[in-house]
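**Q** Given next are the chains, with one letter for each unit.
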Amino acid sequence: MIPASFDYVRPQSLEDALAQLREHGEDARVLAGGHSLLPVMKARLADPGVLIDVAGLEDLSGISESEGSEGGVRIGAMTTHAEIEASSLVRGKCYSLVEAAGAIGDVQVRNRGTLGGSLAHADPAADYPAVVLAAGAEITVVGADGERVIGADDFFTGAYETALRAGEIITSVRIRASAVRGSSAYLKAAQQASGFAVCGVAARLALDGNGVVASIRVGVTGVAATAYRATSVENALMGSAPSAESIRKAAAGAGEGVDALDDFYAGADFRRHLAGVYTARAIGKAWIRATGK
Amino acid sequence: MEINISINGESRTFDVEPRTLLVHLLRDDAGLTGTHIACETSICGACTVLMDGKAVKSCTVLAAQADGCAVTTIEGLANGDQLHPLQEQFWEKHGLQCGFCTPGMILTANQLIASNSNPTDEEIRHGIEGNICRCTGYQNIVDAISAAAAQMRE
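Just so you know, the sequences run in chain order A and B.
For the record, in the first sequence the residue sitting at position 256 is 256 according to the working numbering, with numbers rising by one throughout.
For the record, in the second sequence the residue sitting at position 85 is 85 according to the working numbering, with numbers rising by one throughout.
Heads up, a few of these hints could be off.
[Said to hold, decoys possible] Here's a subset of chain B near chain A, in silico, CB distances under 8 Å, partners left out:
#1 E17
#2 G45
#3 L62
#4 L77
#5 L83
#6 P119
#7 G127
These are computed hints drawn from the structure, not numbers from a lab.
These figures come from a predicted structure and were not determined experimentally.
Just so you know, even glycine gets a beta-carbon here, dropped at the ideal spot from N, CA and C.
Using the sequences plus the hints, can you model the full thing?
**A** This is how it looks when you write it as structure tokens:
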């Protein structure tokens with residue numbers, strides 16, 4: 001399987017890349033690690049006329065402590081899943097992102113696939129969307145009109161659709177550090193053959209000094225065409241001191257009323273059921289981590 | 001377009017179409033047919049090679065993306081007649097039957113051992129999850145990788 005013919009350009013700077021995107025318009029695609037785009041091109045589901053390879057652009061690389069008092073982490077868009085999986089800095093700030101990165105594909109895929117590429121592709125069964133929703137991540141993009149920041153809640157707009165405008169490139173993702181009495185977790189039921197999420201849930205919570213939930217966000221991927229936040233679950237647990245029983249009870253609502261995906265591997269009812277089960281497990285794991293700190 | 005890749009230590013220049021996949025460059029242009037093509041969908045791992053020391057599925061990498069990189073294929077592992085420990089142990093432990101998955105399996109294992117010189121069986125199984133074997137049932141492959149790691153620690 002070989003992609004249709006295209007022109008390949010390798011810009012030397014982010015400005016150059018943006019100029020190339022402007023010049024070629026709809027006919028161009030940004031090539032990150034290529035592990036979402038190339039398979040789609042090989043299957044001839046996409047045939048862009050120009051690929052703009054942004055590998056090696058410094059503005060898009062690196063993991064660092066983000067500026068500001070909140071002590072978060074900034075992850076360059078071209079950071080690979082393997083680099084995130086191995087990062088102790090990311091692990092300390094957002095455990096669930098490390099878990100999600102390590103759950104993607106296999107070693108070879110994780111060596112090439114990137115955070116920014118995966119987010120821009122917005123596969124409904126990708127792992128990261130659940131985590132960035134639960135973490136309230138901020139996605140920085142740059143285009144002809146300069147830089148803007150898109151909140152995770154506004155980023156995913158449909159299956160393979162995002163709030164990215166034509167001509168924009170994701171540069172980095174910023175995630176606030178977990179609270180002192182807080183943590184997160186990501187768990188998924190993987191499709192046996194592909195490894196993609198049939199249901200993936202990320203939960204992130206913080207407790208106050210009395211063990212009461214001071215903040216909680218739950219992101220669900222793989223279940224619906226677009227990753228979503230399980231707000232009814234969040235509301236049910238907010239302000240309470242959780243127990244295994246109350247978590248299980250609240251989590252049951254994670255799939256309720258969701259227009260779930262439905263295929264021969266997993267029907268809609270099954271996916272809604274999994275959403276409840278995995279939400280309970282993810283919250284429970286995050287809760288145990290938070291109390292164990 | 002013109003690209004330069006160091007293949008098994010030898011710097012080589014190729015004139016390729018941008019859409020040329022690394023696996024096709026290795027097999028058709030470089031003549032190194034030890035890298036196999038099977039699923040062509042980045043699932044099976046038969047096309048695995050090392051790119052700057054990291055295992056990649058060469059059916060999902062453009063040759064253009066490997067420009068300036070060092071690529072190691074199965075042909076680059078042995079030192080003359082001296083087999084690499086992984087090759088030797090796949091032989092010793094019967095880690096292959098038809099042999100189709102073997103080059104990819106060995107190169108993935110190579111990265112695994114490079115980052116973890118004493119992997120447990122569970123770590124080996126996790127490490128080769130991107131390489132599919134339809135003959136062996138994996139047990140002898142795990143044994144071979146474990147034995148190779150031990151040999152390389154000596």
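**Q** What hint numbers does the structure not satisfy?
**A** 4, 5, 6
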